[in-house]
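Undergrad: Sequence:
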Amino acid sequence: MASRNSQSPVPMGTAQGDPGEAGMLSAPDAGIRDTGSATQLKTKPKYVRKIKALVIDLGSQYCKCGYAGEPRPTYFISSTVGKHYSEAADVGDARKETYVGHELLNMEAPLKLVNPLKCGVVVDWDCVQNIWEYIFHTAMKIPPQEYAVLVSDPPLSPSSNREKYAELMFETFGIPAMHVASQSLLSIYSYGKTTGLVVESGHGVSHVVPISEGNVLPGLTGRVDYAGGDLTNYLLQLLNEASHKFTDDHLHIIEHIKKTCCYSALLPEKELGLSLEELRVDYELPDGKLITIGRERVQCAEMLFQPSLVGSTQPGLPALTATCLGCCQGEGFKEEMAANVLLCGGCTMLDGFPERFQRELSLLCPGDSPTVAAAPERKTSVWTGGSILASLQAFQQLWVSKEEFEERGSVAIYTKC
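Using UniProt numbering, you'd call the opening residue of the sequence shown number 1 and step up by one each time.
If you are wondering where the hints come from, they were derived from the structure by calculation, not from laboratory data. In this text, all values refer to a predicted model and were calculated from it rather than measured experimentally. A virtual CB, placed ideally from N, CA and C, is assigned to each residue, including glycine. Mixed in with the good hints, there may be bad ones.
[As the list claims (entries may be wrong)] Derived pair list, reagent style DSSO-like, types lysine-lysine, alpha-carbon separation capped at 27 angstroms:
no., residue 1, residue 2
1, Lys52, Lys416
2, Lys118, Lys270
3, Lys52, Lys83
4, Lys164, Lys112
5, Lys118, Lys259
6, Lys96, Lys141
7, Lys52, Lys141
[Stated by the list, open to error] Distance ranges between label pairs, derived from CB positions:
no., residue 1, residue 2, range
8, Ala109, Val310, 14 to 24 angstroms
9, Lys52, Asp124, 26 to 36 angstroms
10, Asn215, Leu267, 32 to 42 angstroms
11, Leu156, Gln129, 36 to 46 angstroms
12, Gly326, Gly192, 52 to 62 angstroms
13, Pro366, Leu105, 29 to 39 angstroms
14, Pro110, Glu133, 40 to 50 angstroms
15, Gly352, Leu290, 41 to 51 angstroms
16, Arg408, Leu266, 37 to 47 angstroms
17, Asp225, Leu267, 39 to 49 angstroms
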């Protein structure tokens with residue numbers, strides 16, 4: 001029997017860094033393309049002044065932010081915003097209206113928790129503004145007027161979202177320049193590549209996106225509306241079926257159990273055939289109580305391969321990937337996509353997932369010999385790709401300036417993004 005006596009999980013709302021060994025960032029191996037015009041940038045463009053830049057990747061669970069050129073984000077800020085239940089505060093009430101990051105901790109008054117994203121796409125721009133205000137003024141303590149900002153944009157999001165990003169950044173925060181980049185493109189850049197099949201599963205949504213020479217292949221992106229957050233909810237269900245008593249208020253604990261105790265079995269039938277004594281681990285709750293986790297350790301990850309376990313009719317991640325590969329056949333890209341299947345996002349960090357995913361995809365595509373790659377720090381692949389992109393000299397001509405925005409309005413974003 002094993003024991004997991006790790007530090008108590010951090011509750012939702014905490015602003016935290018992601019410390020680690022500093023490393024070198026490698027640029028994409030085939031150059032960066034201007035994704036707006038699909039024209040490859042010249043290797044020696046006319047000189048453009050390089051300006052200080054920030055990279056912001058707003059995800060369903062965390063907003064990752066930091067300085068361009070750094071190997072990893074400086075801050076992980078919860079994407080949850082707390083608001084008072086009463087719509088209007090009483091006269092003379094000095095309470096804050098919204099709470100972000102560490103401000104959510106130790107709040108005595110109950111708060112309504114709001115997430116600005118649904119299935120990876122922004123649906124509440126007021127909350128986005130609250131998060132960005134916290135990033136600039138509280139977390140990083142920097143004047144936004146002095147930094148260009150690269151913002152990530154999820155696959156299949158409406159183009160109007162890019163315009164809204166521009167309006168918010170230029171009009172509210174007064175930044176000097178910005179760029180909006182596809183999350184999938186940034187993820188592939190984090191691998192030092194410009195061609196491949198990006199399989200991205202974060203907290204709120206999962207995508208499979210084929211990219212060739214820095215261009216997203218149109219009409220071939222696959223999406224399923226489940227990811228790491230759904231995995232956490234499924235684990236909560238499994239644990240309660242095993243006579244534990246958890247509620248939604250304990251999701252931060254369940255999340256920690258998922259990350260430290262659960263794994264994706266290469267042969268789940270064989271693994272689930274083991275005795276409970278062989279599978280069980282003890283987990284210490286924040287109050288010091290020990291609970292035993294058994295077959296739930298293996299059962300949890302199966303949802304990614306069999307969404308029907310939670311009543312979903314959507315395909316599993318390997319099946320979605322195989323379908324996308326099949327669609328690439330008619331476009332003539334199947335071989336290069338199969339040779340470069342790139343796992344990205346925090347949900348793919350589950351122990352054993354890359355090996356299981358490789359096995360399942362190979363069974364579904366026996367004649368294609370798919371090769372799956374899993375970078376060690378793929379949970380921040382979008383942010384890392386943005387850090388690489390924004391620090392390249394060849395990219396500096398793709399910033400949309402405040403002057404361009406003032407002259408043309410929000411549509412100026414389409415000229416370079």
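Undergrad: Any hints from earlier that this structure breaks? Give me their numbers in increasing order, please.
TA: 2, 3, 8, 11, 12, 13, 14, 15, 16 and 17
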